[in-house]
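Peer 1: Chain order of the listed sequences is L and A. Using the working numbering, the first residue of the first sequence is number 1, and each one after it goes up by one. Using the working numbering, the first residue of the second sequence is number 1001, and each one after it goes up by one.
Think of the hints as simulated: they come from the structure by calculation, not from any bench. Be aware that a few hints might be false.
Pairwise CB distance ranges, derived in the manner of DEER restraints [to be verified]:
id, chain 1, residue 1, chain 2, residue 2, range
1, L, 341, A, 1043, 24 to 32 Å
2, L, 190, A, 1047, 31 to 39 Å
3, L, 190, A, 1053, 28 to 36 Å
4, A, 1288, L, 312, 30 to 38 Å
All figures in this text were calculated on a predicted structure; none of them were measured in a lab. Positions of the beta carbon are idealized from the N, C-alpha and C atoms, including for glycine.
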Amino acid sequence: MRRRSLLLAAAMTIPLVAGCTTSTQDNAERTVVLVTHDSFSVEQSVLDKFKADTGIKIDVRKSGDAGALTAQLVLTKAAPIGDAAFGVDTTFAARALTEGVFAEYKPADADKGPQKYAVDNSGRLTAVDVGDVCVNVDLGALAGRELATPATFEDLADPRYKDLLVVEDPATSSPGLAFLMATVAHYGTKDWANYWKRLKDNGVKVVSGWEEAYTQEFSGSSGKGPRPLVVSYASSPSAEIGDDGKPRTSALLDTCFRQVEYAGVLNGAKNPDDARKVVDFLISETFQKLVPEAMYVYPVRDGVELPTAWQQASPRPEAPSTLPADDIQANRERWIEQWRTAVRA
Amino acid sequence: MAHGRPGLTGALATAALPLGFLAVFFLWPVVAIVRLGLGPGVGAVLSSPDTWSIVGFTLGQAAAATAVAVLTGLPVAFLLARTSLWGNGFVRAAVMVPFVLPTVVVGLAFRSLFGDGGPLAIILANAFFNVAVVARTVAALWSHVDRRAEDAARSLGASRWRTFFSVTLPVLRPAISSSAAVVFLFCATSFGVVLLLGGGEYATLETEIYLRTVQLFDLTGAAALSMLQLASVVAVLVIGAILRRRSTALRLRGRADTARRPVGGEWGIVAAAWGVVVALMVPIVSLVAKSFESGLDGYRAIGGTGFRGSLQVTGWEAVLNSLRAATDATWLALVLGVLTCVALVTLGRTRARPSLIETIDTAMMLPLGVSAVTVGFGYLITLDALPGDLRTSPLLVPLAQALVVTPLVIRTLLPVLRSIDDRLRQAAATLGAAPWQVWREVDIPLAARSFLAATAFAYAVALGEFGATSFLARPESATLPVVIGRLVARPGELNNQLAYASCTLLMLVTVAIVITVDRLRVGSVGEF
Chain L
1 MRRRSLLLAA
11 AMTIPLVAGC
21 TTSTQDNAER
31 TVVLVTHDSF
41 SVEQSVLDKF
51 KADTGIKIDV
61 RKSGDAGALT
71 AQLVLTKAAP
81 IGDAAFGVDT
91 TFAARALTEG
101 VFAEYKPADA
111 DKGPQKYAVD
121 NSGRLTAVDV
131 GDVCVNVDLG
141 ALAGRELATP
151 ATFEDLADPR
161 YKDLLVVEDP
171 ATSSPGLAFL
181 MATVAHYGTK
191 DWANYWKRLK
201 DNGVKVVSGW
211 EEAYTQEFSG
221 SSGKGPRPLV
231 VSYASSPSAE
241 IGDDGKPRTS
251 ALLDTCFRQV
261 EYAGVLNGAK
271 NPDDARKVVD
281 FLISETFQKL
291 VPEAMYVYPV
301 RDGVELPTAW
311 QQASPRPEAP
321 STLPADDIQA
331 NRERWIEQWR
341 TAVRA
Chain A
1001 MAHGRPGLTG
1011 ALATAALPLG
1021 FLAVFFLWPV
1031 VAIVRLGLGP
1041 GVGAVLSSPD
1051 TWSIVGFTLG
1061 QAAAATAVAV
1071 LTGLPVAFLL
1081 ARTSLWGNGF
1091 VRAAVMVPFV
1101 LPTVVVGLAF
1111 RSLFGDGGPL
1121 AIILANAFFN
1131 VAVVARTVAA
1141 LWSHVDRRAE
1151 DAARSLGASR
1161 WRTFFSVTLP
1171 VLRPAISSSA
1181 AVVFLFCATS
1191 FGVVLLLGGG
1201 EYATLETEIY
1211 LRTVQLFDLT
1221 GAAALSMLQL
1231 ASVVAVLVIG
1241 AILRRRSTAL
1251 RLRGRADTAR
1261 RPVGGEWGIV
1271 AAAWGVVVAL
1281 MVPIVSLVAK
1291 SFESGLDGYR
1301 AIGGTGFRGS
1311 LQVTGWEAVL
1321 NSLRAATDAT
1331 WLALVLGVLT
1341 CVALVTLGRT
1351 RARPSLIETI
1361 DTAMMLPLGV
1371 SAVTVGFGYL
1381 ITLDALPGDL
1391 RTSPLLVPLA
1401 QALVVTPLVI
1411 RTLLPVLRSI
1421 DDRLRQAAAT
1431 LGAAPWQVWR
1441 EVDIPLAARS
1451 FLAATAFAYA
1461 VALGEFGATS
1471 FLARPESATL
1481 PVVIGRLVAR
1491 PGELNNQLAY
1501 ASCTLLMLVT
1511 VAIVITVDRL
1521 RVGSVGEF
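Kindly generate the complete structure, drawing on both the sequences and the hints.
Peer 2: The following block contains the structure:
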């Protein structure tokens, strides 16, 4: 019996020892700690190639969603948890900038596309990708109901499309907030709340997150829910291509809101020189080509071609709505409150 | 006799490690983040009626879910502790499965079972996660309780119910109140379930602290709510400690002596227990069924990294990562938990004031009742002062998990250790046993089963832990719950299939581990 417990004790120790040995680092190595959000994804081989080319090892640390990431960067600005950060988006950019989280750095390639999406002229944040939030439709389900595909915000409030739309709560969901902002941008600060009252009268359903909306309520996903209209991303249809090779869903390109994700060098970074090279890498052709498939977002660099499935099912929205980052920062809480009054009352 | 009553100093020295751990990895970060937010706005938040309706809903739903978990957990505890029936091994493992399931997946399952969710769905989902806490904690004590007192009451003419309420229940009270306290804290701080099933219309302190901290960066509001959360948790724990105060020493027996074939009306309780197990299986089966919706595609994909490489690890690597992280957290929690229990039991034998014991006991429970966001963000502004900057180190994962798992170890082990008749220890000491020999000969054999129960528990909690892991794990060390969370958040049928297949895999791993741990028999309890 004693031998067995010894074995058990030994078995329990091995993983910790293994954990220790794998986490020890060679100090001579040039390492850049890249703090990012949960959705960041890149194949290991790409990081290995970058290391072989530059001698820099990128150490990826994920820190929750874009909001959590920004909050963490702000809290730790006196003693940063990394050298560079990627994933602060349109919604949170103003907070990171006013709090002085990022140092000034403008990559040489910034004018090859990223500059078009810049949040301001300070050159502290570099755009890396664009993820537009748009209403998605289940084409088959609408055809089955003998309904034409809607196109505009007005269509969504049209009684023909009663009880068909599901959206996310802007207080708890990032696409939910983006869609709210799309309506603010489209209808203006005076009328957007009235539009939501009309949506409510037209039977819009509100759930708290994207998972429930898309995988459970939406009829075009594997969950095969009851509603053929959902707030999701312009990129989502590229993942819902049928066995016949035809897209089963499509994004309404006139209902989109542009969310840009930014990267930058952190103020107080231990290794700022190499951190700049990592920001360069994020807008390099190599990395930009990968972002659609790895993270379901559009590249910002000019001339980077989209994968075939995207060209077919998820074309880039031409003229999505936008709002200035400062406006978002100043009004977010009030908008959510007004939205609550309009929709929940 | 002098040997049998080790001094206060020795006990406090034993408690130093767990208390030091608590101070560094819990109190310091929480105090720091709350202090950062303290400001004139705190009063406004505390006096707002909205705040108090959130407090009311938080405590109300947690109390209701705890009641459901206790009422459904007790028949299962009876089945596991008092009967020797075919299928008990399965039940013992099956009740643990809900514990490891990611909340997002369970939330989605309850949404499809209960329409759009709502308070009832929130309460049932929270109870679903926690039936195991009651069933296994109570069973751990019950299986050692001498049957003869009940038999005597029955033969003196007491009805079955009368016997239960006046003989059995008082004996089980420490374990019931122990587990109820744990369940209450889990439910009061449940996050994903409330968001998903509340549909945005219901908020708890936990969800509100998250929204204020992460979305609005309103640290003042978050600090006010964190203090409220802490105050209500302490209040509940103090009530629990008072309820546990009058615990009686029992004649604890070996399990073989107490389990037998049910007779007469006991079959009714067995049926109720199986009813509970079947109810627990409904959401579980619906998840497994989902994983087979497009045949075996999801399972074939486990060897890969998701649709278009959504993940940076394969399913198998995620299993290994999960096991590694859970193992580290488990042994750490066992060390801390056992040390705390030894210190508390030893203190109980000295003339130490009961309030000192209760304070240490309550303090170790606190991490269960405080928002993961508060603790996690507290780490960010404190731990860089320690050598090696743990803030983004993978070592922080088992440390943070152990904080949550240790209270469970204590709550499983302590009721049994406290219920051991002190006369046994005194007898051993009189016969010349040194203090460590008293432990070896008396306490350890009697508590062995509960130690195993605690181990299985600790492992399951650590396996299913999502909060700390998703914040701290590196992409290459993603665990199964983290992988499932990522997959569910992506479009595409294959990702969805893979998510549910990974869930099934997580359940199988859990069942295998619980069964293995349960089968380890550390010696057998002797006759006293």
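Peer 1: Work down the list of hints and note, for each, if the structure agrees.
Peer 2: Hint-by-hint comparison with the structure:
| no. | hint | result |
| --- | --- | --- |
| 1 | 341(L) with 1043(A): 24 to 32 Å | holds, 25 Å |
| 2 | 190(L) with 1047(A): 31 to 39 Å | holds, 33 Å |
| 3 | 190(L) with 1053(A): 28 to 36 Å | holds, 31 Å |
| 4 | 1288(A) with 312(L): 30 to 38 Å | holds, 35 Å |
In the structure shown, no violation is registered for any of the earlier numbered hints.
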